[in-house]
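All chains, please: the whole structure from these sequences, using the hints.
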Amino acid sequence: MSPTDEAPVLTVRGLTKSFGSNAVLRGIDLDVSKGKVVALIGPSGSGKTTVLRCLNGLEMPDGGTVALGGNGTGELRLDFGGRISGADAGSRKDAGSRKDAGSRKDAGSRKSAVSGKNIAALRDRSAMVFQHYNLFPHMTVLQNVIEGPVKVQKRPRGLAVEEAERLLARVGLLEKKDAYPFELSGGQQQRVGIVRALALRPQLLLFDEPTSALDPELVGDVLGVIKELAEEGWTMVIVTHELGFARQMADEVIFMDGGVVVERGPASEVLREPQQERTQQFLQRLLHEF
Amino acid sequence: MSVNWDLVWSSLGPLIGGAIKGTIPLTLASFVLGLILALIVALMRLSRNVVLAGIGRFYVSVIRGTPLLVQLFVIFYGLPTIGVRLDPWPSAIIAFSLNVGGYAAEVIRAAILSVPKGQWEAAHTIGMSRGQALLRIILPQAARVSVPPLSNTFISLVKDTSLASLILVTELFRQAQQVAAFSQEFMALYLEAAAVYWVICLVLSTAQSRLEKRLDRYVAH
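Protein chains in written order, with the working numbering: chain H, 1 to 290; chain S, 1001 to 1221.
Accuracy of the hints is not assured; some may be wrong.
[Claimed, not checked] Simulated restraints on C-beta separations:
| # | chain 1 | residue 1 | chain 2 | residue 2 | range |
| --- | --- | --- | --- | --- | --- |
| 1 | H | Ala169 | S | Trp1198 | 35 to 45 Å |
| 2 | S | Leu1046 | H | Gln153 | 26 to 36 Å |
| 3 | H | Phe19 | S | Arg1214 | 36 to 46 Å |
| 4 | H | Lys117 | S | Gly1017 | 30 to 40 Å |
| 5 | H | Gly116 | S | Arg1210 | 51 to 61 Å |
| 6 | S | Ser1047 | H | Gln153 | 46 to 56 Å |
| 7 | S | Ala1029 | H | Arg201 | 44 to 54 Å |
| 8 | H | Glu231 | S | Pro1116 | 29 to 39 Å |
| 9 | H | Gly158 | S | Leu1079 | 26 to 36 Å |
| 10 | S | Ile1016 | H | Ala120 | 47 to 57 Å |
[Unchecked claim] In silico DSS-like pairs for lysine-lysine, Cα to Cα no more than 30 Å straight-line:
| # | chain 1 | residue 1 | chain 2 | residue 2 |
| --- | --- | --- | --- | --- |
| 11 | H | Lys117 | H | Lys154 |
| 12 | H | Lys154 | S | Lys1159 |
| 13 | H | Lys177 | H | Lys151 |
| 14 | S | Lys1213 | H | Lys177 |
| 15 | S | Lys1117 | H | Lys117 |
| 16 | S | Lys1021 | H | Lys177 |
| 17 | S | Lys1021 | H | Lys176 |
| 18 | H | Lys34 | H | Lys227 |
| 19 | H | Lys151 | S | Lys1159 |
| 20 | S | Lys1117 | H | Lys227 |
| 21 | H | Lys117 | H | Lys151 |
| 22 | S | Lys1159 | S | Lys1021 |
| 23 | H | Lys154 | H | Lys176 |
| 24 | H | Lys176 | H | Lys117 |
| 25 | S | Lys1117 | H | Lys176 |
| 26 | H | Lys154 | H | Lys177 |
| 27 | H | Lys176 | H | Lys151 |
| 28 | H | Lys34 | H | Lys154 |
| 29 | S | Lys1213 | S | Lys1117 |
| 30 | H | Lys151 | S | Lys1117 |
| 31 | H | Lys176 | H | Lys227 |
| 32 | H | Lys34 | H | Lys151 |
| 33 | S | Lys1159 | S | Lys1213 |
| 34 | H | Lys227 | H | Lys177 |
Hints in this document: simulated from the structure, not taken from any laboratory. Cβ coordinates follow ideal geometry from the N, Cα and C atoms, glycine included.
Here is the structure:
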């Protein structure tokens, strides 16, 4: 692997989000380098899915910055400004460096809202795989996959079809290309969901509990595909309950609770020797469940 | 009671003529215009803009809260007093379109809302704008849900166009009235008119089930 593998693909600082009076995110920092896999774990309601949704513009953060890209294509930097929480103030110090200087420079625009155009640019560079697949039921498998490339990215249809077929073949679903989603099992639908995301050629893949809705015997297929993508060097952020999977694949595991990052580090450390009491409790509870 | 079959037979021509030249074009034109209007009103009602949403709600409320016959008379007999003089045909098309617009707007709004939120989200994550998502992802799915209720609206409209006879549009029922008045065979002529309406609606019901089947091809049975 070349040294550019360490280039940051995603840099998040002080991300905050409230729903009404409920502060769901209280200043989240996140760094993901090229080709790395970050697993977000934590109890439900901890805010991990909200982090993912903010990264794809499905939720508008109240504050913080999200920077994406920075290799060749130029960095996309969104400053959501607004309420900077205490947790964020701390993180800004250790962020240090070049990036922070940049953010101070456009501090003048800190209060200005991030426009729809910026959100569109954010979506252009990342792609999301949903817990409930969210395939388009009125389109065939192939149509689902080429919809984004052809209708949004305006790539030539012939090339998009070729690429879609190659990707479908990779996940073993080429012969299902003319099927409608309802004709597929959950595991097959989720693999189509992954292919639909890949076809957008994103810099960053986001997975929101990709196996939670699946029957246990179908989980393996989907995890297998995700594992291959990791080995291929895709940059990914995965919200998951599959701790074994997180331990195997993730370069970094982040444990969230109550809208803050409680603990972060290499998978082996966080999952085997958690330092924080809350992490230990969470892992204990999960172990007892199984 | 003896039925004058000769009269029934000889009046069939004028009645079907009235359907072909009056009832059917009036229904089609009003339904198409009404659906376009309904889509606009449905989107207004779903918009975050309170003014637009309010206007949409007011419109639906007025249309659904007043009799179609009154709407028709306001346009044909009422508007001339403020200087707007419309011929029978335009009056009828405007009245029926406005009416369909009000009823179908609610159907379309409900159908759009019935599409799961995850479909909007998936459309956005592949980079679609709101407009693109609506056209390519949401409306095709809403269409499937709205076929049965919109078919009801359509079939009601076929029969409601008989009201246009009261503003001098020569359609199926007005033809029947004229022959009946001339021959004094009221029972025969009005039953005959009813039969022609019924046949038209039977054809439409068949078309509806075919359309539903076609649109159902992508859902599990």
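Which earlier hints can't be squared with this structure? Numbers 1, 4, 5, 6, 9, 12, 16, 17, 19 and 24 - these are the hints that the structure violates, sorted from lowest upward.
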